[in-house]
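Make the full structure from the sequences, and use the hints.
There are 2 protein chains.
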Amino acid sequence: MSLPGQLTPSPRLLLGPGPSDAHPRVLTAMTTPLLGHLDPQFLQIMTETQEMLRQVFRTKNRLTFPVSATGTAGMETCLVNLIEHGDKAVVCTMGYFGNRLVEIAGRAGADVTVMQQTWGQVFDINQIREKLKEVRPKVLAIVHAETSTGAWQPIEQLGKLCHEFGTLLVVDCVTSLGCTQLEVDAWELDAVFSCSQKGLGCPPGLAPVTFSERAIAALKGRKTKVQSWYLDMSLIESYWGGDRAYHHTAPISMVYAIREGLRIVLEEGLEARWDRHLKNHKALKAGLLALGLKYTAAEGHQLPQLNAVRIPDGLDDAAGRKLLLNEFGIEIGGGLGDLKGKAWRIGLMGYNSKPSSVMLVLAALEQVLTKMGAKVEPGAGVAAASKVYVSG
Amino acid sequence: MSLPGQLTPSPRLLLGPGPSDAHPRVLTAMTTPLLGHLDPQFLQIMTETQEMLRQVFRTKNRLTFPVSATGTAGMETCLVNLIEHGDKAVVCTMGYFGNRLVEIAGRAGADVTVMQQTWGQVFDINQIREKLKEVRPKVLAIVHAETSTGAWQPIEQLGKLCHEFGTLLVVDCVTSLGCTQLEVDAWELDAVFSCSQKGLGCPPGLAPVTFSERAIAALKGRKTKVQSWYLDMSLIESYWGGDRAYHHTAPISMVYAIREGLRIVLEEGLEARWDRHLKNHKALKAGLLALGLKYTAAEGHQLPQLNAVRIPDGLDDAAGRKLLLNEFGIEIGGGLGDLKGKAWRIGLMGYNSKPSSVMLVLAALEQVLTKMGAKVEPGAGVAAASKVYVSG
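Each protein sequence line maps, in turn, to chains A and B. The opening residue of the first sequence carries number 593 in the numbering used here; numbering runs sequentially from there. The opening residue of the second sequence carries number 593 in the numbering used here; numbering runs sequentially from there.
The set of hints was computed from the structure by calculation and includes no laboratory data. Be aware that a few hints might be false.
Unchecked claim - In the SDA-like style, the derived pairs of lysine to any residue whose C-alpha atoms are separated by at most 25 angstroms in a straight line are:
| hint | chain 1 | residue 1 | chain 2 | residue 2 |
| --- | --- | --- | --- | --- |
| 1 | B | K914 | A | G834 |
| 2 | B | K946 | A | A809 |
| 3 | B | K979 | B | A864 |
| 4 | A | K752 | A | A809 |
| 5 | A | K914 | B | M638 |
| 6 | B | K817 | A | V706 |
| 7 | B | K932 | B | Q959 |
To be verified - Reference excerpt, derived from the structure (chain A facing chain B, CB under 7 angstroms, subset only):
| hint | residue |
| --- | --- |
| 8 | L619 |
| 9 | A621 |
| 10 | G628 |
| 11 | T710 |
| 12 | Q819 |
| 13 | Y822 |
| 14 | Y848 |
| 15 | L915 |
| 16 | N918 |
| 17 | E923 |
Remember, it's a predicted structure, so these values are computed and weren't measured experimentally. In this text, a Cβ means the ideal position worked out from N, Cα and C, and glycines have one as well.
In structure tokens, the structure reads:
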């Protein structure tokens, strides 16, 4: 067989649900020659990475580090470490990733009670209170930013509520970290996981996690071993924590990447970053509405970083996305699960949340919609977005 | 807190047990801007990567791909997919990584029978035959290249033997793939895992795995779900296989890396690569012996790519390695487990298996040993190695 040639992918603007484009400084950091994973200089890099990660998570949790795998492994890490066979868990699902929580909690041996919410809606804290009263679970798991629907679940009061019932709160922040406000300590979240390829502007490959002292106590109090050796927090803690005991070989280049990504986040400042995401979302939203598109998530609960809109009746999902990709190099996401074929998902995450992304995707969408036969007022999307930028 | 500065690690020559240095072309490939993980161009890259991986594994197995995590996750993948609660497993351990197989098989619910061999020795096939006769296990697991001792386990006949008893053979090839001969199909291996950061000359972060049709049949015949969702081969198969069904977000940059690493391996040719590793090992071995160092692995079973030698009596392990690191920028490995403080492990893996590594580490070792008070004949190591290169 002849070998494939040199890597020459076409340039893309990644405005889907993730990965988002990595910041150019992050890509450059990854060319740094390797250190050994037990080299004193690499241990220092690990310490710096953990300290910055704590700042970005807004936590003092000592057990804070990136798991050496992608975001879903972060989900699995949180669940398998806190759940033993037969433990009760309540899982709130309002979309595709909530369903994944249900599936993984079940495989960890949990006795799972599922709370269902209509896709695009969010949970009311009173519903959750009633269920906690009824079930008294060890763990409640919920998605902060549901990537499949673009819905933004309020969780500010949820930790306090869970702790009234002695329940640990696990939160999926895969799509919120680095994009919208997240306060691990102030909101009393117990086990939180995220990813590297969205709000942090890095390639996929790492899953930042953080465990509260309550979660650590539950971990220490286990009667059985964690079913996964690779994801066992008590073992990984000895590696990322003080002992630096060998557990696995850290993915050196990806750690270089996230260290640079976190530096960029903190240089900008978290509040400024959240504001930026909100501002670009407002402009995009004004434009999308002007193009006649409707959000799948309920008003008031729409994520700035993930804008999911219904595809107009009669238009073909895949054909539209193909035009965007081939003619503009823009990737947006299709629908998942219940929304397959029915929604487009436009991400403005991390490095890609910027006016140039907004204006280009609106101009491109207008052209694509028009080509596909939709009635669109010429220039309406771009004009509406511009107005937001100019007059606020 | 002030932020950490730009990444500026000291240059290193990584001659430990891994990571080994990544090939410069691999680091360059990682700077390629991201594609989306469902982009048609990325799907093509996945196909190319799988096809090259099959060639490097010497297999036609369709279920062949890199797991999105480090080598140990590859180990866990093989075991949790093939083992259900109560299944019998025989694990052969002759070092640290054999012990890890025991631990992970146990967490997967196996009824584990452990075969122990003295560290540095290897198993005789007749011992294994007797145990298979006695236990009739579903799975037998063994390490091909035991990184903790430098011992090279013969496995050529083992697959055939296992299949006489209806047993599946799981092999840890973390330190052999890309360094020494490995014939997945010809040797009838059923589930094999490796890593990216040794013989393939990439950064750590991926775990190539391959499953035979026998292993796939066992997977399809399971009565219970695989305990890990992230590592469930039947789900990952739908992503890396024909359907391209979304499972997790592939670590794009690491896939770019391994694609380039595999291209380099195949450009060189596998036989040429194995010969290169052997030749550089012979030179290093001559030099180490001339310096008075003794291998921990038995004669005739010493790995070319991982040379573990006893530290001379009275010399301090850490002090010696620190001198090598600080004065020469060379990393070698210390001992693990039973050999902690007693052995140095010198890797000549992938890109780093070359005469310049051999000559430099011998010259540096001579100086370090002399500084530490050992009696070493000046120039003896370098001279002995040179002789091998010059006269073969």
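The hints, checked one at a time:
Proposed proximity of K914 of chain B and G834 of chain A is supported: the alpha carbons are some 20 angstroms apart, at most 25 angstroms. The suggested pairing of K946 of chain B with A809 of chain A is violated, with an alpha-carbon distance near 50 angstroms, which exceeds 25 angstroms. Restraint check for K979 of chain B and A864 of chain B: the C-alpha separation of about 21 angstroms stays at or below 25 angstroms, so the hint holds. Between K752 of chain A and A809 of chain A the CA atoms are separated by roughly 17 angstroms; this keeps the pair inside 25 angstroms, and the hint holds.
With a C-alpha separation of about 20 angstroms, the suggested pairing of K914 of chain A with M638 of chain B holds against the 25 angstroms cut-off. With a CA separation close to 19 angstroms, the supplied pair K817 of chain B and V706 of chain A stays within the 25 angstroms bound. For the hint linking K932 of chain B to Q959 of chain B, the alpha-carbon distance of about 23 angstroms falls within 25 angstroms, and the restraint holds. Evaluation of the L619 of chain A hint against chain B yields a held restraint, the C-beta minimum of about 5 angstroms falling below 7 angstroms.
Among the interface hints, the one on A621 of chain A holds; its C-beta lies about 5 angstroms from the nearest C-beta in chain B, closer than the 7 angstroms criterion. Below 7 angstroms, beta-carbon pairs count as interface contacts, and G628 of chain A has one with chain B at about 4 angstroms; its hint therefore holds. Residue-level restraint check for T710 of chain A is violated (minimum Cβ-Cβ distance to chain B is 22 angstroms; threshold 7 angstroms). Given the 7 angstroms rule on beta carbons, the hint for Q819 of chain A holds: about 5 angstroms separates it from the nearest Cβ of chain B.
Given hint, Y822 of chain A at the interface with chain B, holds; its Cβ is 5 angstroms from that chain's nearest Cβ, closer than 7 angstroms. Using the Cβ-Cβ criterion of 7 angstroms, the hint placing Y848 of chain A at the interface with chain B is satisfied: the shortest such distance is roughly 6 angstroms. For L915 of chain A, the shortest C-beta to C-beta distance to chain B is roughly 14 angstroms, which exceeds 7 angstroms, and the interface hint is violated. A hinted interface residue such as N918 of chain A counts as satisfied when its beta carbon comes closer than 7 angstroms to some beta carbon of chain B; here the least separation is about 10 angstroms, so the hint is violated.
Below 7 angstroms, beta-carbon pairs count as interface contacts, and E923 of chain A has one with chain B at about 4 angstroms; its hint therefore holds.
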